[in-house]
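Peer 1: Each chain, written out:
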Amino acid sequence: GNSVTQMEGPVTLSEEAFLTINCTYTATGYPSLFWYVQYPGEGLQLLLKATKADDKGSNKGFEATYRKETTSFHLEKGSVQVSDSAVYFCALRNQGGKLIFGQGTELSVKP
Amino acid sequence: DAGVIQSPRHEVTEMGQEVTLRCKPISGHDYLFWYRQTMMRGLELLIYFNNNVPIDDSGMPEDRFSAKMPNASFSTLKIQPSEPRDSAVYFCASSLGKAEGYTFGSGTRLTVV
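Each protein sequence line maps, in turn, to chains A and B. No gaps in the numbering here: position 32 of the first sequence is 32 in the working numbering, and each next residue is one more. No gaps in the numbering here: position 21 of the second sequence is 132 in the working numbering, and each next residue is one more.
Treat the hints as calculated values from the structure; they're not laboratory data. Note that beta-carbon positions come from the ideal geometry of N, C-alpha and C, so glycine has one too. Take the hints with a grain of salt, since some may be wrong.
Claimed, not checked - Computed far set for chain A versus chain B, every beta-carbon distance over 10 Å: (1) 3; (2) 5; (3) 11; (4) 45; (5) 46; (6) 69; (7) 82; (8) 93; (9) 97; (10) 100; (11) 104.
Unchecked claim - Calculated Cβ distances over 10 Å to all of chain B for the following chain A residues: (12) 10; (13) 20; (14) 49; (15) 51; (16) 53; (17) 71; (18) 77; (19) 78; (20) 84; (21) 98; (22) 99; (23) 110.
What the hints assert, rightly or not - Label-pair restraints from in silico Cβ distances: (24) A:51 <-> B:153: 32 to 40 Å; (25) B:184 <-> A:76: 35 to 43 Å; (26) A:17 <-> B:222: 36 to 44 Å; (27) A:82 <-> B:174: 29 to 37 Å; (28) A:83 <-> B:194: 24 to 32 Å; (29) B:166 <-> A:12: 35 to 43 Å; (30) A:70 <-> B:139: 31 to 39 Å; (31) A:71 <-> B:179: 33 to 41 Å.
Make the full structure from the sequences, and use the hints.
Peer 2: In structure tokens, the structure reads:
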């Protein structure tokens, strides 16, 4: 079946540190991959996406590359800010159209 | 574009009462999804529609939950009777096509006392 596994949180970093949140997936076929962000008290917002192998999604300084050989879609940012504190969800969309989420990783950035 | 609109934002009700949550998807989107989020269980897909037709309702917890989409611009999720364990944030989301990401609403925070 289809599933997404993320590294467990919470992740605590100092401002300007480098961020990596690991995400691996299991899927049949060729899913689209996504990262969503949820700020406190809000809904989920699409952060970036990649629809085929070797695609790199990027937005607001965040990047993730669709790696078919390792079935991974790790989220990275070179220099985090306090305002990046949120919960990050990795997700895949299967061929039936359903979006399957990982469990979420809480990021806390300290000044 | 007003995004996905959910109402109410907050709902407090007594156990046994009927609760109706409402969602207006983005105009032109052909998929609509209802999710529930709790600390214990994370994000759970309850049901989704394609072109107003329910496609997969396997996530609906039990018969107390029902969802309808009478037209392309409106959907409801009803809980009758409500129970304290239904307390959660309920999100509606919509998308255009199968490959794109969803746009989520701001959610309805339901508290059943």
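Peer 1: Against the structure, test the hints numbered earlier, and report the numbers of the ones violated in rising order.
Peer 2: Failing hints, ascending: 4, 5, 8, 9, 10, 11, 14, 15, 21, 22, 24, 27, 28.
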